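**Student:** Listed here are the chains, written in short residue letters.
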Amino acid sequence: MILLAVGCSHRNTPVAVRERLAFREDQLAAALDAVSTRLDCEAVILSTCNRVELYLARVLDRATRATTPLDADAVCGFLADFHGLPAADLRPHLYVHQNDAAVRHLFRVAASLDSLIVGEGQIAGQVKKAYEIGHRYSGPGPLLHALFPHARRVAKRVRTETGIAGGHASVSSAAVDYVRQVFDHFGDKTILVIGAGKMGELTLKHLRRLEPKRIFVANRSPEKAQAVARGCGGEAVPWERLDEMLARADIVLSTTGAPEPIVTQERYRRIAAQRIGGPIVILDIAVPRDFDPAIHDGDRTCLFNIDDLKRVQEAVLAVRRKHVGPAEALVEQETQRFLKEWRRRRHGPVIERLTQDLEAKREEVVRKLFEKINGRLNEEDRKYIEYAFVKLQNQFLHGPISTLTEDQQADAPGHTLLDALRKLFRLRE
Amino acid sequence: MYGVTLVCFASSYAVALGLELWRQFRSRPILYYLAVGFGAAGLLAQSIYLAVRPVGWMILLAWVLAIFYLYGSIHYRKMSWGVFVLPLVLGLIGLSAKMGPDADPLPPAADRFWGFLHVGLLLLAAVGVCVGFLAGVMYLIQAHRLRAKTPPRWGLRLLSLERLEQMNRRAVDLAFPLLTAGLVVGLFVLIQNQASPTNPRIVGAAVLWLAFLVLLVLRYAWRVRGRAFALLTIAAFVLLLVCLVLEHHPLGGGA
Chain A
1309 MILLAVGCSH RNTPVAVRER LAFREDQLAA ALDAVSTRLD CEAVILSTCN
1359 RVELYLARVL DRATRATTPL DADAVCGFLA DFHGLPAADL RPHLYVHQND
1409 AAVRHLFRVA ASLDSLIVGE GQIAGQVKKA YEIGHRYSGP GPLLHALFPH
1459 ARRVAKRVRT ETGIAGGHAS VSSAAVDYVR QVFDHFGDKT ILVIGAGKMG
1509 ELTLKHLRRL EPKRIFVANR SPEKAQAVAR GCGGEAVPWE RLDEMLARAD
1559 IVLSTTGAPE PIVTQERYRR IAAQRIGGPI VILDIAVPRD FDPAIHDGDR
1609 TCLFNIDDLK RVQEAVLAVR RKHVGPAEAL VEQETQRFLK EWRRRRHGPV
1659 IERLTQDLEA KREEVVRKLF EKINGRLNEE DRKYIEYAFV KLQNQFLHGP
1709 ISTLTEDQQA DAPGHTLLDA LRKLFRLRE
Chain V
95 MYGVTLVCFA SSYAVALGLE LWRQFRSRPI LYYLAVGFGA AGLLAQSIYL
145 AVRPVGWMIL LAWVLAIFYL YGSIHYRKMS WGVFVLPLVL GLIGLSAKMG
195 PDADPLPPAA DRFWGFLHVG LLLLAAVGVC VGFLAGVMYL IQAHRLRAKT
245 PPRWGLRLLS LERLEQMNRR AVDLAFPLLT AGLVVGLFVL IQNQASPTNP
295 RIVGAAVLWL AFLVLLVLRY AWRVRGRAFA LLTIAAFVLL LVCLVLEHHP
345 LGGGA
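Sequence lines, in order, name chains A and V.
Residue numbers for the first sequence follow the working numbering, so the first one is 1309 and each next one is one higher.
Residue numbers for the second sequence follow the working numbering, so the first one is 95 and each next one is one higher.
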């Protein structure tokens, strides 16, 4: 087989290059068709915000016929032509994994060991989707058909058998986890969004999933407040009513771009005196901070800023990193298992033919032998002779079959053990 | 079957507590099931123990709290419930053992109905105080964790501040009327028996009632909440313990 994984990721390529190499969903059909035709191979394209990878495969029979080389340069040429970029600029950014290494790489990617946030759960779904799209448009052949479902199983095993996916490792989910430590139910809660910073969008999305009673948006610019409120199904309030809204809110998400804290300790003391509700959670993810950190008391006022949330993220990642070793071992185990299964499957017909051939010859020899010495053997003697011949055949086949199964290059193009076996035993296709 | 001793169920609860503590470090389902199993075994043994002999206040209270443990463990399976409830159960059993033979808290046969009513009401009020105490302790720990900004999924798994405060408030709200009713009935029994009003237990109960009145005034009129209210509930529990100890004191006696 030839299996190639060619691509670039957050590890070795800046986002400026990655975004030029990325495939939009509407481009995938054309790209898969183009690459599989041009390089005469099976193809799956994995294009996410952190990586662009092409998985290309040729099995033995096609490889012997194909005239187009299947290597990194050919793939680079395809990428350059498809995206209209100079190949020389792309080549330094591309990594190449071949055969066993490509299998291992895909399993690591699917298991989220190569992700920006180790253990994140999105990548397994993205790998699955890439395979489904590939299946729909280019029709991956036997190798990728076997490889990608196996990758999904590996990802599942790694997630369930190690602690790699433990905890929430994003700033937004850490924020929601803190909110859940203070509040039990959200149907009667009011969220106040201050500012319209990009940083807050994802956190607000997470907070909205808690289904709060209402969302207010306060911004110095009424237009921006209206826009954010429309986006989140909230209600815009004038900036002048900020103190009043703070006194009413249960959860505050602050993301302004103000150069100084907008709520000092003194100002907050006056606001707190007006509060009649329960505790308040303030998620201050603005940089510089919007709220004076001194107002945090962990009882009536819980203030978490971006550093606190990132600290949680780091702590979760540190725990996850402890599970990378066992996860890598699992990936290696699965890689070997896949390769062994694949070779067995690929060599199966040859081995079957070889076995059938020898069986026919053995039966012929035994039949002639019994004809010659007919009448001089009892039933027990006949059984013993038959058994001896079967044993001889098995011992004879054991060596070639084992060597074939263990040889990693057995089905590489050119003169291989598989070819040698076919020729030596005159096995027909 | 009737050979059940205090050591039997105390040991079961102690094993359950050990398993609950172990569960905090190694979250394995088997530890949970074992802990609940030992807790249930302890409760069964204690029920048999209570059924066949006269019992004291503390052992009765420990029995109700053991039920509370099982309820909480099943209802809040992922929470560190047992870590808080079981030490209290064991503490009450230990205190009961230390105080000597269990005194029958019930009054003479002539006052059986009023006696049962009095004891029943006070027992339920005491359960309320204990639940308030547990909620208060958990609240303080949760608030401390939030104050220190401990990562949410680390260490003890506790209910939210809002839920703990609600539990605390409801326990106190429930305990006060029960305590009041129990004391009124007790007063009736006291008049019937012509007991001395300076009996330490009566004085203790009156002080406890006053403390609860103050607690409610602070909660609803002064809007004392959160950490301060949790501390006050803990103080009320300490007062309850003093009253229970007085029950076993040579100076104390039945109502």
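Quick caveat, the hints were computed from the structure, so don't treat them as lab data.
Hints should not be assumed to be uniformly reliable.
What the hints assert, rightly or not - Capping the alpha-carbon separation at 25 Å, the derived lysine to aspartate or glutamate pairs in DMTMM-like fashion look like this: (1) Lys-1513(A) x Glu-256(V); (2) Lys-243(V) x Asp-1485(A); (3) Lys-1436(A) x Asp-1600(A); (4) Lys-1731(A) x Glu-1688(A); (5) Lys-172(V) x Glu-1509(A); (6) Lys-172(V) x Asp-1485(A); (7) Lys-1630(A) x Glu-1649(A); (8) Lys-172(V) x Glu-1327(A); (9) Lys-243(V) x Glu-1469(A); (10) Lys-172(V) x Glu-1519(A); (11) Lys-243(V) x Glu-1667(A); (12) Lys-243(V) x Glu-1574(A); (13) Lys-172(V) x Glu-1469(A); (14) Lys-243(V) x Asp-1492(A); (15) Lys-1506(A) x Glu-1428(A); (16) Lys-243(V) x Asp-1600(A); (17) Lys-243(V) x Glu-1327(A).
In this text the structure is predicted, and so the values were computed from the model without any measurement.
**Student:** Indicate, hint by hint, whether the structure satisfies it.
**Tutor:** Hints, verified against the model:
{"no.": "1", "hint": "Lys-1513(A) x Glu-256(V)", "verdict": "23 Å, holds"}
{"no.": "2", "hint": "Lys-243(V) x Asp-1485(A)", "verdict": "12 Å, holds"}
{"no.": "3", "hint": "Lys-1436(A) x Asp-1600(A)", "verdict": "46 Å, violated"}
{"no.": "4", "hint": "Lys-1731(A) x Glu-1688(A)", "verdict": "38 Å, violated"}
{"no.": "5", "hint": "Lys-172(V) x Glu-1509(A)", "verdict": "31 Å, violated"}
{"no.": "6", "hint": "Lys-172(V) x Asp-1485(A)", "verdict": "15 Å, holds"}
{"no.": "7", "hint": "Lys-1630(A) x Glu-1649(A)", "verdict": "30 Å, violated"}
{"no.": "8", "hint": "Lys-172(V) x Glu-1327(A)", "verdict": "43 Å, violated"}
{"no.": "9", "hint": "Lys-243(V) x Glu-1469(A)", "verdict": "30 Å, violated"}
{"no.": "10", "hint": "Lys-172(V) x Glu-1519(A)", "verdict": "23 Å, holds"}
{"no.": "11", "hint": "Lys-243(V) x Glu-1667(A)", "verdict": "74 Å, violated"}
{"no.": "12", "hint": "Lys-243(V) x Glu-1574(A)", "verdict": "23 Å, holds"}
{"no.": "13", "hint": "Lys-172(V) x Glu-1469(A)", "verdict": "20 Å, holds"}
{"no.": "14", "hint": "Lys-243(V) x Asp-1492(A)", "verdict": "18 Å, holds"}
{"no.": "15", "hint": "Lys-1506(A) x Glu-1428(A)", "verdict": "22 Å, holds"}
{"no.": "16", "hint": "Lys-243(V) x Asp-1600(A)", "verdict": "16 Å, holds"}
{"no.": "17", "hint": "Lys-243(V) x Glu-1327(A)", "verdict": "37 Å, violated"}
The structure shown violates the earlier hints numbered 3, 4, 5, 7, 8, 9, 11 and 17.
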